[in-house]
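*Asks:* Protein chains in written order, with this note's numbering: chain U, 84 to 466; chain Z, 2 to 457; chain D, 101 to 1090; chain L, 575 to 747.
It should be emphasised that the hints constitute simulated quantities derived from the structure, not laboratory data. As the structure is a computational prediction, the values presented were derived from the model and not from experiment. The reader is advised that the hints may include incorrect statements.
[Claimed, not checked] Computed footprint of chain Z on chain L; a stretch qualifies when at least three of its residues, placed anywhere within it, have a C-beta under 8 Å from a C-beta of chain Z:
| # | segment |
| --- | --- |
| 1 | 624-637 |
| 2 | 650-657 |
| 3 | 676-690 |
| 4 | 697-711 |
[Said to hold, decoys possible] Restraint-style ranges between C-beta atoms, simulated for each label pair:
| # | chain 1 | residue 1 | chain 2 | residue 2 | range |
| --- | --- | --- | --- | --- | --- |
| 5 | L | D652 | Z | S322 | 57 to 63 Å |
| 6 | Z | I313 | D | S714 | 26 to 32 Å |
| 7 | L | K597 | U | T245 | 45 to 51 Å |
| 8 | L | F686 | D | D982 | 56 to 62 Å |
| 9 | Z | Q103 | U | F269 | 35 to 41 Å |
| 10 | U | I262 | Z | Q103 | 47 to 53 Å |
| 11 | Z | Y57 | D | I758 | 51 to 57 Å |
The beta carbon of each residue, even a glycine, is placed where N, CA and C say it ideally should be.
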Amino acid sequence: MSKPYRLTCALFIFILQLAPFQILASEADSTIKDDHSSHFDYFLNSEKRGERLFKGLTRTPVEWQSCVSCHNINYIDTLNWNPSAKDIAGTFANKSIDEFRSVLMSPLGKKMEKSHKDYSFSDEELGYIKSYLQKLNNSVLYETKPKVNNLILFFFLGALITLALVDLFFTKKIKYKIIPVLIFIFAFGYQIQMLAEGAMALGRKQNYAPIQPIKFSHKIHATDNKIDCRYCHTTVDESKSAGIPHVNLCLNCHLIVREGTNSGKFEINKIHAAIENNTSVEWIRIHQLPDHVFFSHAQHANVGKRDCQECHGVVEEMHVLKQVEDLSMGWCLDCHDKTAVDFRENGYYSESFKELHEQLTSGAIDSVRVTDIGGRECARCHY
Amino acid sequence: MYVSPIREPLVTGNKTYKKITDEISAPIEGKPGKAWYAGITLTVSALLFGLAMMGYTIWNGIGTWGLNKTIGWGWGITNFVWWVGIGHAGTFISAILLLFRQKWRTSINRSAEAMTLFAVMCAGLFPLIHMGRPLLGFFVFPYPNTRGLWVNFNSPLLWDVFAISTYFTVSLLFWYVGLIPDIGTIRDRIKSKFKKWIYGLLSFGWTGSAKHWQRHESISLILAGLAAPLVLSVHSIVSTDFATSVIPGWHTTIFPPYFVAGAIFSGFAMVLTLLIITRKVLNLENYITVGHIESMNKIIIATGSIVGIAYITELFIAWYSGVEYEQYAFLNRATGPYWWAYWIMMTCNVISPQLLWIKKLRRNLVFTFILSIFINIGMWFERFVIIVTSLHRDYLPSSWSMYEPTIVEVGIFIGTLGLFFTCFLLFIRVFPVIAIAEVKSVLKSSGDKKDKSEKH
Amino acid sequence: MKKYWKSLTELKNKENSISDQPMPKGNLEQILDIFDKNENGSKSNRRDFLKLCGYSLAISTVVASCENSVQKAIPYLIKPEEITPGKANYYASSFAKGSDFCSILIKTRVGRPIKIEGNDLSTVTNGGTSSRVQASVLDLYDTSRYKNPLKENEKLLWEELDEFVRKELNRLKNANEEVVLLTSSVYSPSTISVIQKFIAQYPNVKWVQYDSQSYSALIQASKMCFGKAGIADYRFDYADIIVSFDADFLGTWLMPVEYIRQYAKKRKLSDGNTSMSQHIQLESRLSLTGSNADKRIPVKPSEQRLLLAQLYNEILKLAGKDTYTVLNTSGDMQGIAKDLWSHKGKSLVVSGSNDVNVQLIVNAINYELENYGSTLRFEKQLQTSKAIESDMKNLLEDMKAGKVKALLAYGVNPVFDYYKGDEFALALKKIGFTIALDEVPNETTSLMKFVAPDNHYLESWNDFEPKANRYSLMQPGIRPLFNTRQFQSSLLSWIGEDPDYLKFIKAYWEKNFYPMQNTYPNFVTYWNNTLQQGVFEPNLKSVSDTKFNYGGINNILDELAKQPKSKGIELQVYESIAIGDGKMANNPWLQEMPDPISKICWDNYLCISPKLASELMMETGDVVEVNSKVKLPVYVLPGQAYNTVAVAKGYGRQVCGIVGKNVGVNVNSLHNSSVDFIDNVNLIKTGEKYDLAMTQTHHSMEGRAIVREADLEEYKKNPAAGNESHHAYENASIYEKPKFPNHHWGLVVDLNSCVGCGACSIACQAENNVPVVGKKEVIRAHEMSWIRIDRYFSGDEFNPDVSFQPVMCQHCDNAPCENVCPVAATSHSSEGLNQMAYNRCIGTRYCGNNCPYKVRRFNWFDFTKADSIPNNLHDVAEMTIDLKRMVLNPDVTVRAKGVIEKCSLCVQRIQEGKLNAKIKGRKVKDGEIKTACEQACPSGAIIFGDLNDKESKLVKETSSKRNYHLLEEIHTLPSVSYLTKIRNKKMNHS
Amino acid sequence: MRRYISAYFENEENLLRAAKDLKEKQVSIQDVLTPFPIHGLDSILGFKRSNIPTVGFISGAIGCILAFGFQAWAFIVDYPLFIGGKPHFAIPSFIPITFELTVLFASFGMVFAFLIRSKLGPGANNPIHDERITDDRFMIIIDLDEGGNQDEMVKEILAKEEAQEIKVKEIEK
């Protein structure tokens, strides 16, 4: 696709997405204007009013951006550095209106300062917003809709198969038999493929990139600030788990670095809050092997000298961490088949595997792969 | 056409082609009697009970069976081997007797083959439900998967999977190919439009064209040629479940022939059990004559004697081998806690068939029926003796143990009996129990009308 | 299962969270839970979700591409320095429960203790453990533990309780009323100091020590003979000949862990060494010790005194001293006397009797044999039993008389285990102020008004002096799970001192023990090093004065001679190996551990001799009424002396958690005095039948060469004696022998060292997450143990030879099980291991059938809650609730219903050992990797190693002529081998 | 325009004789429909031997090679496992499955070949000339030449052999 063409497309989609908002907004405006008396508001409870305020559906000066334009309510795929509505709701759940106001009106970070400029809300309005946020806090946000598309497709293919078969044997409307046969073969084959893919994906989380409680970006830490992986994942060389850094470790830097370039103070404050309130940070686990698989980081990162990226992808390029590989057994074995064992450096191998070592030194073989020393055997990982 | 002057007629009662068609199709066209309804009620309730017990097993675990750390297989595998054995008669009759040009097979091969299929269905259930994780039973198929794993081609149990499924498929093909002309017959006779449509569909558009018949004959013969070694292979492979192991009493090279003979033995017994009733109830005495029964009885003596010799050979070899474990295993069979099972087996399988040397008994329907039941029981106990009494006292006396079935295991067995008879009862209502076309083709040569036609 | 990120905060919060721990939920709830937002993955996990998916695999895969439930990963807020998630930490500590003592290491993973290992540095227990020690870690997670201080079963705060107790104690002090502190034997120096302080504060307190198994005769006899109260230090490793009169020193008598080590050491036959001790046992019941004896003479309990007197007489005769002609000596005793005399100074006579007169004779015999100073020593007197029986008798009298106004009880359960328990219970009710300081409810504490719950020992600080000058520290492996406080802290706070017991111990050690050494320059380094090592063993003070000065032997012998021979049936009440006095009855591992001799678990039973059984027309499983008091099932025990019966105590607990409650029958009421046996017992057959849970029902080897044995004389002539058939089957296969060029892991079991105690089986259960199945399933032969100890009787039914053989997966190189698995779930590794992939197993049990050793175990039911189907849990011992799941080893998969499992040769330890070697870039050192069974074994009978490492201890053992493989004639080529058992049967005098 | 003559016999002997006579007279027999296979008919009609055995052999051979090759590949190349001390290339172990799959493939090959060549199958819609063909009638259908020269001769032969319902049908091409 050519670049201009893509741009046009993006613009078109953007407008399409904005459209419902604009329609809604204009409607809302007109309602307010037509019905100036407060009896309409009377029917709205405070949560509803808060919602309208938050979404900018009520009279707000045009120059103000509505809250929702930065603090998203719905799940979005891209990274939004600003705290989401739910985040804010959680933070201010037990705070008073005054505190809420002070934060809202007297911005802390640079970015916030820019956008919150000239905001003025009455206490009443702030109360509404707060009660709306309260509601958000209590409700489960980001409801993931079941992916019905697959199911519809599956049933559609089923219907096609039925029709093809019925015609093939009974109705015989189609003159060329090859057509229903082809339809059958294609549809049935596709169904099988869907099932197979679905079955293989069971328990796998390839491309899983959940929203984390703190908007932690590996890109900023590892690439921009050039922090080594092992600075935080301290136990990778000695233990089976690489270790998710304990919260206190974050403070090594964030005692000083109080404000981020992208997210301002909000995200970093969560670390301080966790330490102060003695609450844990509940990260969402991404890379996870089933219980019957034993995987040791020490074996792979320390002994095997594998780079983190070989399994985890280019983490240092990720704002939102994502599982890159499917972590299936076949994937493990592929690597075991290819990877050479470090016979020259590590005394364990050269002393324990004498025969192979001799062959290697005599040049009979050029490398010993993991498979050659039992890397495909069950009890290496399953016990 | 050469007609043996001393052979008795295979079809009696001066039949014409028309009469044959009418009489054999009668059960399909008429309304079932009360006996049939009573029968199917009984068998379906047995089946439902069995299904409930299977569900209970899968839900709660194999612990609901009477097995234990020492005895990993009990009734389940006993029933499996028993049913597979029974499933041997049908294809044996159709295939091997076809190859040997035994014309008397024509009256009994259809129902025997049907019985084979039902028995193999019953048998196939057991390996599945005896698994600890039947939901993962598909692991036994070598399908490509993301784990990169295949199955273990060294395992007799895997050979079983292939053998039983191949056997079932080939038997089904063989049976159905034979059925096509007869379904054509039914299609052309049936009045109800809907049924006509169904039978039309099932008859695959059979017309009776000479070219079709030629191909049909050819394929029947070659399928028979393939099925004959298949029949022998299936029970041989089942026997390797035991023969390739190290357990005394299992670890025996005699097993393959011994199992095959036993299988045909028990299969014929089951055919007799079914047909003696069927011929009576469906008025088919002229097609399944006493002569047929006698012929089958002769096979029973032959195979029964082979089985008997195998039993005695086993004992001899156990003694002659000088292996103390082997010697003990056989001593334990005959005199240990399960002595009664051994002696039931001996009585039913070795002693009772020898009575068939007497012609009068061989031709006596009541005796044959009772004997066939005896043999069925005896053959069940043969497998029980092999499996349970070998396992319960093997190498280390510290692990010796006893086995008692629970109601769950018994219920599953009853369930498979229910399945088997339900299928058979449905079969006799739906398809001709005797191969119409084949009987017609032997009518001239082996019917008792032969003198007349020769004069003609 | 694997919960890596259990945060410390969570552990801190355990007090609250565990107390309102939900009970196992119903099934509907379980299903619903799966769809809940998953917190900490505790109730259900992603796997559960997948299980549900399995049902409608086709549809669900398509519908949602199976949305995985969210798993949290919660890091520490502030990570403790020493904890590395995913790696185990070991803390040196001590196990002490009543008189049971062991120096141990606590293995913890992310702060939770999961396993106990022996402490090699202790010269007392030498790294050995017992089954009870191994199982004790499970008691930490016992649901029945006290979770709060209680006042008449109402929860109250510690401050309130302390306030109340102080007030009450002061009131009684002012009124000068008697207050009794009743404890089990206390051999902790700091605790003694605390108690002394407590008594100093409240002088009206009287301290009484009470042990359920009393050794007061030993203590008193020692005092009477040598003026030294206490129990001598027995040295079985110095004795060439051991004569034991009913002392089950390998099973339950005093310090079995220590004695097994000594005993096995003396009997170890390495190729160079051809001498071993001879052990003669005279007893009525076939005990574990008796079953290991070279010669065993079944005698009635009542006859033992007389026999001892005869022996004494004979020895005096040999010593050329005055003899007592009144005694007609049997031939046996004459022979034994000669043997003893010929090994003067290197012999040992012990008696298990609690009769002072008997122990006096024993002391006299040993003195005549000049054993004091060699096999019997006073430098390191055993201190684990201190209670004097009469103290308890007096206390009961005082209580009945109403003299005692308050009772503080710690670590004792007299209502259950005292023979006058009923009277004690009645008297207890009279006392106005009673306070229990135990960790779990029992029959006694349930009658007490207050409960000040003690910590579990894995949560406590303490120190011990099990033997004089041999100190061992106890340190916690976890913070208290519940709102409990150590006994010592309670006492300290009641005298108004700082309740920090650790501080107290440190101060005590600084004052008393620190000066005893000069290795460490200051107390801090001394303390830290000692704490790390767990033990402190300063130089001994020699005790030279061992003069025998008791003159009353004459009178005793006269008295004995006068006693008429008893005619009736005699009953002996003994402690069982697993359950002991019943304090650990709520431990399902111990309940399911089969008795080494009878192979019965989950019950006590009446052992009866075969001859008596046939006379009374009884067989195993018949229920009899004993003295019209209790009904017991009968077990016909070969080797039980004629006209005697025996029954284990410790069973029939009434106030106990759900595991131990009503298991077996309490037989303490059969006693009418505290003597060793009960005479003229009346047995009435009731006609009822009872199913005993036996793990082995056939007792003969049927003449097969399973346990190969030889006599020492034969062995001396031919080291391969009894093992002649070995190597006859070298090249029996059509295939080449498999080669293992790298590692070839193997195990050897020295049948001559193994005493059959069963510690290995519990260690295995703890290490490998082996499920508990319950009594009903054991009866159905569904037990899951990966290592079992086969016990065979041979020879005479009335006095059989006993052989023990631990059998685990033999890791055959030609494994029959591997061939038959249709899905290749079990295959061989290039390191010689027989691998079992649980997640591939479909459960055909074919491998189990085809295993000639029958070591494969099938998960008959959903024992572990790892199954895919809801509502079918089969958990009799609450082993699947979250609290008890904390004991699971995260390195070992919890197996689901319907899969086969078996010994993996602790492959998780092998892998860990290899990884450590790889990280360090060197070979795996011999002895670096130890299997759980090897590590637990007090006798060192099991040795693991690399068969390719020619220098290893394993290869040295297996190259012995005694080495053989089990069932080697079927050419399975096991990696596990056995060394023949050698018996030292030949009596020197004959 | 094609012309047929159809008739049926009640006896296979008559049919055989009639067919033989007709063939000798160079009359083209379109088809013979019988209730059961009649021996000797195919040689009279001049049918070649069926190719079904060849199909069976080929498909069986494919099954055999596939099965053996797959087992050997899986055990030697793709995922070699040490099982029971046996070599990876354990020929005896591969025989049962190889045999079973040979039979399975051969059977399927033949049955499919039979159905396809004979145009039989579920829903196949072949004309049924007489409902009693599958009962007791032996029908013969004879191609007549366009000129009608053979009509009489054919009818005569048929009549001689007691044929019944001799009908002439004309079908547009």
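*Asks:* Are the hints correct? Go through all of them and say.
*Replies:* Status of the hints after comparison with the structure:
| no. | hint | verdict |
| --- | --- | --- |
| 1 | 624-637 | holds (count 5) |
| 2 | 650-657 | holds (count 4) |
| 3 | 676-690 | holds (count 9) |
| 4 | 697-711 | holds (count 13) |
| 5 | L:D652 - Z:S322: 57 to 63 Å | violated, 40 Å |
| 6 | Z:I313 - D:S714: 26 to 32 Å | violated, 39 Å |
| 7 | L:K597 - U:T245: 45 to 51 Å | holds, 49 Å |
| 8 | L:F686 - D:D982: 56 to 62 Å | holds, 59 Å |
| 9 | Z:Q103 - U:F269: 35 to 41 Å | violated, 49 Å |
| 10 | U:I262 - Z:Q103: 47 to 53 Å | holds, 48 Å |
| 11 | Z:Y57 - D:I758: 51 to 57 Å | violated, 26 Å |
This entry does not satisfy hints 5, 6, 9, 11, going by the numbered hints stated previously.
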